[in-house]
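As they're listed, the protein sequences go chains X and B. Residue numbering for the first sequence follows the working numbering, starting at 1 and increasing by one per position. Residue numbering for the second sequence follows the working numbering, starting at 1 and increasing by one per position.
Simulated from the structure, these hints should not be mistaken for lab results. Bear in mind the structure is a predicted one, so any value in this text is a computation, not a measurement. All C-beta atoms in this analysis are idealised placements derived from N, C-alpha and C, irrespective of residue type, glycine included. One should not assume that every hint holds.
What the hints assert, rightly or not - Sample of chain X residues lacking proximity to chain B, with all beta carbon distances greater than 10 Å (derived):
#, residue
1, L16
2, K63
3, I133
4, E139
Claimed, not checked - Some chain B residues near chain X, calculated using beta-carbon distances under 10 Å:
#, residue
5, R69
6, L72
7, F76
8, H86
9, R90
To be verified - Beta-carbon label-pair distances, calculated as ranges:
#, chain 1, residue 1, chain 2, residue 2, range
10, X, L65, B, A15, 40 to 50 Å
11, X, Q135, B, L62, 25 to 35 Å
12, B, L72, X, L65, 20 to 30 Å
Take a look at the letters that make up each chain.
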Amino acid sequence: MRKTNNIILETAIKVLLFMIVLYSVYIFTAGHYYPGGGFIGGLMTAGAIVLLLIAYDIKTVAKILPINYRILTSIGLLFAIGTSAGAIVFNVPFLTHAFGDIQLPILGELSLHTATLFDLGVYFVVVGVTMTIIQTIGEDE
Amino acid sequence: MSEIINILIGFFILAGAVLCLIATFGVIRLPDVYTRNHAASKAATLGVMSILLGTFIYFYALEGHFNSRLILGIVFLFMTSPVSGHLINRAAYYSGVKLWDKTVRDDLKEYNKKMMGKSSAN
Chain X
1 MRKTNNIILE
11 TAIKVLLFMI
21 VLYSVYIFTA
31 GHYYPGGGFI
41 GGLMTAGAIV
51 LLLIAYDIKT
61 VAKILPINYR
71 ILTSIGLLFA
81 IGTSAGAIVF
91 NVPFLTHAFG
101 DIQLPILGEL
111 SLHTATLFDL
121 GVYFVVVGVT
131 MTIIQTIGED
141 E
Chain B
1 MSEIINILIG
11 FFILAGAVLC
21 LIATFGVIRL
31 PDVYTRNHAA
41 SKAATLGVMS
51 ILLGTFIYFY
61 ALEGHFNSRL
71 ILGIVFLFMT
81 SPVSGHLINR
91 AAYYSGVKLW
101 DKTVRDDLKE
111 YNKKMMGKSS
121 AN
């Protein structure tokens, strides 16, 4: 590991990373009513992790975020297939989604939709696939 | 009230566009990488920030829509653009790009020479 003395980039990334992750979560959750959704949100989260990879080396990032991205991809696919196949239990066609206004203790009345869970699956798959590609190309051991 | 707001919006957007144009002229006219980067990373940052501010005022005053993403964009640009300019300059310097012929002073070169001497002495 080469010491680069790149303190300006590392300090800037410490602040910027929170903004990028926050914006990606916003993009993900606003996807039903505004432009956005699982795909762009996942890509933006992957972009934040790539920014970490630019500032630090691959082992440090693996220590900061101990995630196996192949498992993340399979969890995302499981979410997508689970929310799609759950419709069969209620005797409606595959991929039928449900929504309802649900009263929660602290948050109050929320309109929840199972398409968000499908979108969460898309988000996990996009993050997992992007990071798997970049890490596989990046590491040379 | 509305006239003042209109003038403000027009001023910010025009000033931003003119600053971006000046940045482009700087990139074309200046002699070496470092001075070009100086023009691009400073003037273009302020220019795009002014355009975003004008857009924000437009949507807030005339449409009644507080767009926090524009504020976030202004802050983000203000933080990232100088850092990227610094990194490009640094990469150019360490990959051996020559300074302009009429440059009179290169403190980093002397510093690096001194550090080299010290590390070989140890």
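Structure-based check of all given hints:
The Cβ of L16/X does not lie farther than 10 Å from every Cβ of chain B; its closest approach is about 6 Å, which violates its non-interface assignment. Every CB of chain B lies more than 10 Å from the CB of K63/X, the least distance being 24 Å, so the non-interface label holds. With 10 Å as the threshold on Cβ separation, the claim that I133/X sits away from chain B holds: the shortest Cβ distance comes to roughly 24 Å. Chain B leaves E139/X outside its interface by the beta-carbon criterion, the shortest separation being 22 Å against a cut-off of 10 Å.
With a cut of 10 Å, the hint placing R69/B at the interface with chain X holds, because the nearest CB-to-CB distance is about 8 Å. Restraint check, L72/B versus chain X: the minimum CB separation of about 7 Å is within 10 Å; hint holds. For the restraint placing F76/B at the interface with chain X, the shortest Cβ-Cβ distance is roughly 6 Å, inside the 10 Å limit, so the hint holds. The closest approach between the C-beta of H86/B and any C-beta of chain X is roughly 6 Å, which is under the 10 Å cut-off, so the hint is satisfied.
The interface hint given for R90/B is met, as the beta carbon of that residue sits about 8 Å from the closest beta carbon of chain X, less than 10 Å. The beta-carbon spacing between L65/X and A15/B, approximately 42 Å, falls within the hinted interval of 40 to 50 Å. Distance hint check: the CB atoms of Q135/X and L62/B are about 47 Å apart, inconsistent with the given range 25 to 35 Å. Between L72/B and L65/X the C-beta distance comes to about 23 Å, which sits within the given range of 20 to 30 Å.
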